[in-house]
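Both chains come to you apart, so use the hints to assemble them.
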Amino acid sequence: MSGNNEMIRVEKLNKSFGDLHVLKDIDLTVKESDVVVLVGASGSGKSTLLRCLNFLEIKNDGKIIIDGEQIETKTHDLNKIREKVGMVFQHFNLFPHKTVIENVIEAPTQVKGIKKSQAIKEGKELLDKVGLGDKYDVYPSTLSGGQKQRVAIARALAMKPDVMLFDEPTSALDPELVGEVLATMKELADEGMTMVVVTHEMGFAREVGDWVFYMHDGKIVEYGHPNELFDNPKEERTKAFLSSIL
Amino acid sequence: MSHLIEVFIDTYDLFLHGLWITLQLSAASLLIAFFIGLFFAILKISNFKVLEWIADAYIWLVRGTPLIVQIFVLYYGLVEIVLIPMFWAGAIGLAFHSGAYIAEIIRGAIQSIDKGQTEAGRSLGMTKGQTMKRIILPQAFRRAVPSLGNQFIIGIKDSSLVSFIGLQEIFGVASSGGSNNFDYFTYYFIAAIYYLIIVLALTLIVNHIEKRMAKSD
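In order, the protein sequences belong to chains A and B.
The first sequence begins at 1 in the numbering used here and counts up by one.
The second sequence begins at 1 in the numbering used here and counts up by one.
Fair warning: there could be bad hints in the mix.
Stated by the list, open to error - Here are a few chain A residues that face chain B, going by a calculated C-beta distance under 10 Å:
id : residue
1  : 54
2  : 78
3  : 80
4  : 85
5  : 86
6  : 87
7  : 89
8  : 93
9  : 94
10 : 106
11 : 152
12 : 155
13 : 156
14 : 158
15 : 224
For the record, the hints were derived by calculation from the structure and aren't laboratory data.
Ideal Cβ positions, reconstructed from N, Cα and C, are used throughout, including at glycine.
Next comes chain B alone, as it looks inside the complex (with noise of 0.2 Å):
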């Protein structure tokens, strides 16, 4: 125990490091997979055939693949085409991964909205996208709070992969670590902690939004 609080201090500066770089990764993964998502769920509800199929082979081909695998074919990819930052490689990977969920996170939230909404936006004169904008999505994103928190922790924890490519975010730093010191349970159980920190934040953010949220329930 006093051996984990000694590491746990020393590697503090590193761990920070790899800490800032997991919530910077987080941060844009998933505010670009939150408008993949959207994108994605709107092709899908759109009554446009084709456009659904887009949507669904797009579903398929994430949801049927590991992530470490889109990861690496993406990287390995994309540096093949264009020369792009590591950091960028992975967030859009990660992005890519998680907009296929939200996607459906979104959809189904969407068409949980009852059909009367839509109706009464309609029958006041007001457009298909305005209504969608102004009364269907507003909703839909309330009712889909406790899955988008839900799916942004599965984000979180699977930017862990992208230490394979090279980023030296939590996992990464506890890696080398490890490996470097040869004391690889001592620090994989540090990054444990430090994952643990940031879920716990999340969580408390989204129970405050859905706490606020209720009000006009």
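Only chain A is shown next, with the shape it has when bound in the complex (with noise of 0.2 Å):
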């Protein structure tokens, strides 16, 4: 169900934390509507690539091209980039000073103006779709890991963003809370969001990942639609990941 228009587009992308290269030349495309699954062990860099895509790092070298637009951190305005490319953490980053409903409502109201008897309209919404409609009023402190995810994707929801980042969204959690924020994300994907996702759930990226890329020491080694990435692997690299972990 994958569109033409390319939401992502990374060339050349280099990043270095000191003498550390943890990304080295990456090339990577999202088109619009994809499920784009980053996967490699801890350290191949993914997280930072995804990181890099909303600029909380800032690449060292090399082009990223979000819809259309070439951005540089000299010449634009990254927290209009951001507006338009969620994020949704591996520890849920909600905060936890604001009931369930103001953690939603903060970036629309404060960063988009939008009012607020509008903004929590649409924040229940949101919460009534990942589950949690009962949930408005109580503090995050209050809520297990699964729903503390899940209230974290209807905060980046809010801001309506056409591009979702998910960096190991369940890596966190106990194992029987991973389900009901997959699900969340495999609906998310089913109504065409595009979604670039980092994590260890393989079951996932088979069954919901457009493409998936395998990652080793700051490169990417090899990609291709789930099937044929997870049954046909070509590189000695990736049949050695794939081997370790399924």
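Put into structure tokens, the structure is as follows:
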């Protein structure tokens, strides 16, 4: 169900932390409505790549083109870009001093200037959608990990982003809570949301992903449709990785 | 004991007047100190070397000299330039002093907030300023309440030092009362009782605030 419009295009992206070269000449294209899954061992650079896409990390070199526009940190208002690129974190990062609904309406009211009553109405719809219709007024500390992550997804969606980035969204969850978050993400994918997902959930990658990219040591080793990559990996590295986790 | 109670009752008016000045002085100086502290805390985490140096210099200056010296230098220095009421000379001196400690408390509290909070705010399109004001500072203040309460208690007790530039707050009242009647022990003992009452009241208020804020944790 991929569109033809390129949402994200990355060319020869390089990123270093001091002497540590974490991303090496990364090329990546994400088309509208695509679900792109990044897999690889810890330290392979997949989270850093994701964080470069909404400029939480600033690239050293290369091009990042979002919705047809090449973004430069000097000339672009990164806040405007981030409005279009939602992000969900491994550790949820909900605002603990705000209730669930306050978490969701914070950015729409503060950043977009949407009226509070309107933001609450839309926020409640989003919370209903992620199955938390009865949790508007509680504080995040009273929620389970899976519920927190679903609030975080609703919070990101409240900005009506064009792309959603997921940085290991289920890695901090108890095993029995993983399913509810993946189900929410699948629903989102089915609605046509463009998504880039860093995950260790290979079942999700296979079922929901349009493309899977395998990263090792800061490089993209191989990519393809999930069935190709999982069933017929071409590179030795990919084979070794897959046999280690499957 | 009966003598103490007798003097306590006799000096009730005088000490209440002193108490009122202590309270005003503490409130004014700590309010100013809070904003001074917030300002220098933000300078310290600004990532601009020059601003950090300014904050470091201020904190070094305050921590490196006794409060009584600061009060005298400020008072005698200021009256050379502007005619400033004694009360405000004292309040500004105390604020200048407490501000440095409050700056360190607030800076520590801000830096103790998980980096993910800033990232979450920024990833939603909020500016650095919005994220600081709406996400980081409210959490930092909660975390700072016990330390701030402690610093406020120190500030109240330190306000006794401005009696040396002539303010008749609690300690000033006790000093003049004690020497006029040649009864130092009784007057200073009564002063101690008044300070204990103020500090007790503030402690209860801080405890109450802490309890109320615990509800979201």
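*Of the numbered hints stated previously, which ones are contradicted by the structure, given in increasing order?*
As far as the earlier hints go, only 15 is violated by this structure.
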